[in-house]
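Here the protein sequences line up with chains C and R, keeping their order. At position 212 of the first sequence (counting the first as 1) the number is 212 in this note's numbering, and the numbers step up by one without a gap. Converting from the second sequence to this note's numbering requires adding 1000 to each position, the first position being numbered 1.
It is worth saying that the hints were derived from the structure and are not from the lab. All residues carry an ideal CB built from backbone N, CA and C; glycine is no exception. Among the hints, erroneous ones may be present.
Claimed, not checked - Facing chain C, a subset of chain R residues (Cβ under 10 Å, in silico):
(1) 1009
(2) 1044
(3) 1087
(4) 1095
(5) 1181
Said to hold, decoys possible - Here are the simulated DSSO-like pairs of lysine-lysine, each with C-alpha atoms no more than 30 Å apart in a straight line:
(6) C:214 x R:1012
(7) R:1012 x C:184
(8) R:1019 x C:17
(9) C:133 x R:1251
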Amino acid sequence: MKIIEVKNLTKIYNGKKKTIAVNNISFEVEKGEIIGLLGPNGAGKTTTIKCIATLIIPDSGDIFIKGKNAFKHPSFALKNISAVLEGNRNIYWRLSVRNNLEFFAGLQGLNPKKIKNKIDELIDYFNLREKEKAQARFLSRGMQQKLAVACAFVRDTEILLLDEPTLGLDVETTHELKELIKKKAKEEGKTLILSSHNMKLVEDICERVIIINKGKVVAIDSIRNLKEFFGYKDFYFEIEGKIKEEIKREFIEKFELVKFKEDEYVTEIEIELKSAEYIYDVIDMMRKNSFKLKRIEERTPDFEEIYLKIVKNG
Amino acid sequence: MGDLILFKTVFKKEFIEMKNYLFNTLFSMISIYMIFVFMFFGIKFISPQAVKFGNTIEGLIIGYFIWLFSIFGYSDMSWGIMEEARAGTLEQLSMTPFGLHRVLIYRIISTFLLTFLYTVPMLFLMMITTGKFLHIDLLTVLPLILFTILPSFGLGFIMSGLGLIFKRLQASFQILQFIFIVFLLAPSDKIFAFKFLPFSLGVRLISQNMIHKIKIFEMNRLDLLILVIVALFYFFAGFYIFKICERIAKKKGVLGHY
């Protein structure tokens, strides 16, 4: 069942300079799916998320939440959506951890007294018990962000929008928050749209990604498919001594994506191959030129490199 | 049911924040009281007769009391929205399925109720300071206060709405607070058109009760009708303008900006 449908969404900001933030993008999200929204700065990720949350009205296009137009039925849409927005505090600094959770529950029309157990469970789950009564302003940055995510969960909506939830957090807290979000979203069957520059986070949590660049969708697929489609084999060779220039040219002509790095004693060759079987050709050429091979290493590109390649090509 | 939960939620937050800013609020109250004392002694010094025979001091107490009520509600709305935008919580607030306007309305009611905690002691303090004790008939005075200050919430809605689009309107917010004084002082008993200004007629009707002990059902029916219509007009006009501004802010994509 499609829970979010974005159809031909376009948003243009008419400031001093006209900026096309989102240019006719369309995608669909299935119920219970965890989707990554990726793209460089200014690609249109935040605008897309804010349009889904009805915080920005697009110039054209529509968004449907559970089949209903979000802009014609914002109340219905917002019954199903909660969000943690990038760059915002998202929580009230003068309220305690518990009071924040109660406030956001109430904002959604949920009686905080009736969901006391859920609030307690979230406090424990996000490891906030110790600071339960402390005002949010006295929490560490990591704890504040955990509280913001907990406040999104307490609203008990089917859709959760997380825009850069780990931005500015240290490695340890990022890892902790990632695990917490992943487990909770799966447990509760949430539909999650996660925007992040942290590829490891996206790769770990998301089943599918939408890559947007300059306001346009450049790829929508599962991470596995993208890796297969855009993936390549990268081989690293270490050769004793220097290589003649004409041999280098021969390598470049034959394999295209070749990088050389050399010093007095060693030459490093990095070759990107479309398929692993081309390795025989490389070895044949090396044998023919009497290379003294010291080391071979296979380097599989990670998702970050694939993402960069897609964005560059898109 | 959902609305009741939302109201309780908003009221609780307002109450907690009021407690957290207690020092700030107490300091403002002391300042406000000091200004009143200066005004009182100023009038006493310039015109001792007014203190002795006229209704000037009673008028001053009532006017000041209503002004306090109006600026509490008005500034809580207009400054409140800006504060939410600055703090980065405005977009979260806008994501309630009840709509931002409903949150603001419940905030108005909460502020109205909580304001009593400050303004009523201040009223007694002013009466003790001046030695002029006003007649307090809650059945008459409470509805009159409500309809007198309702336009301040309408104006609060307008300024909040403009704040959503233009941001940083603090200077205008402050200026308007002082324009409220002009409205309060406008002689609606002498010039009929002034009855359509915010506050003016209401203050006069409250004075009729608190000074001359005229009960609400003894008051001029036309005046009461105008008071209610004017109050509702400013309130709903403000509300409507706010909704338009909210839509413009969402179209411009500046709702959460500061």
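Now the hints, each set against the structure:
Against a cut-off of 10 Å between C-beta atoms, the interface hint on residue 1009 of chain R holds, since the closest Cβ of chain C lies about 3 Å away. Nearest Cβ of chain C to the Cβ of residue 1044 of chain R: about 41 Å, over the 10 Å cut. The hint is violated. Taking 10 Å as the C-beta cut-off, the interface hint given for residue 1087 of chain R holds, the closest approach to chain C being about 6 Å. Against a cut-off of 10 Å between C-beta atoms, the interface hint on residue 1095 of chain R holds, since the closest Cβ of chain C lies about 6 Å away.
At about 31 Å, the closest approach between the beta carbon of residue 1181 of chain R and any beta carbon in chain C exceeds 10 Å, and the interface hint on this residue is violated. For the proposed pair residue 214 of chain C and residue 1012 of chain R, the alpha carbon gap of about 44 Å is over 30 Å, so the pair is violated. For the hint linking residue 1012 of chain R to residue 184 of chain C, the alpha-carbon distance of about 29 Å falls within 30 Å, and the restraint holds. Straight-line distance between C-alpha atoms of residue 1019 of chain R and residue 17 of chain C comes to about 45 Å, which puts the hinted pair past the 30 Å bound.
Between residue 133 of chain C and residue 1251 of chain R the alpha-carbon distance is near 39 Å, which puts this suggested pair outside the 30 Å criterion.
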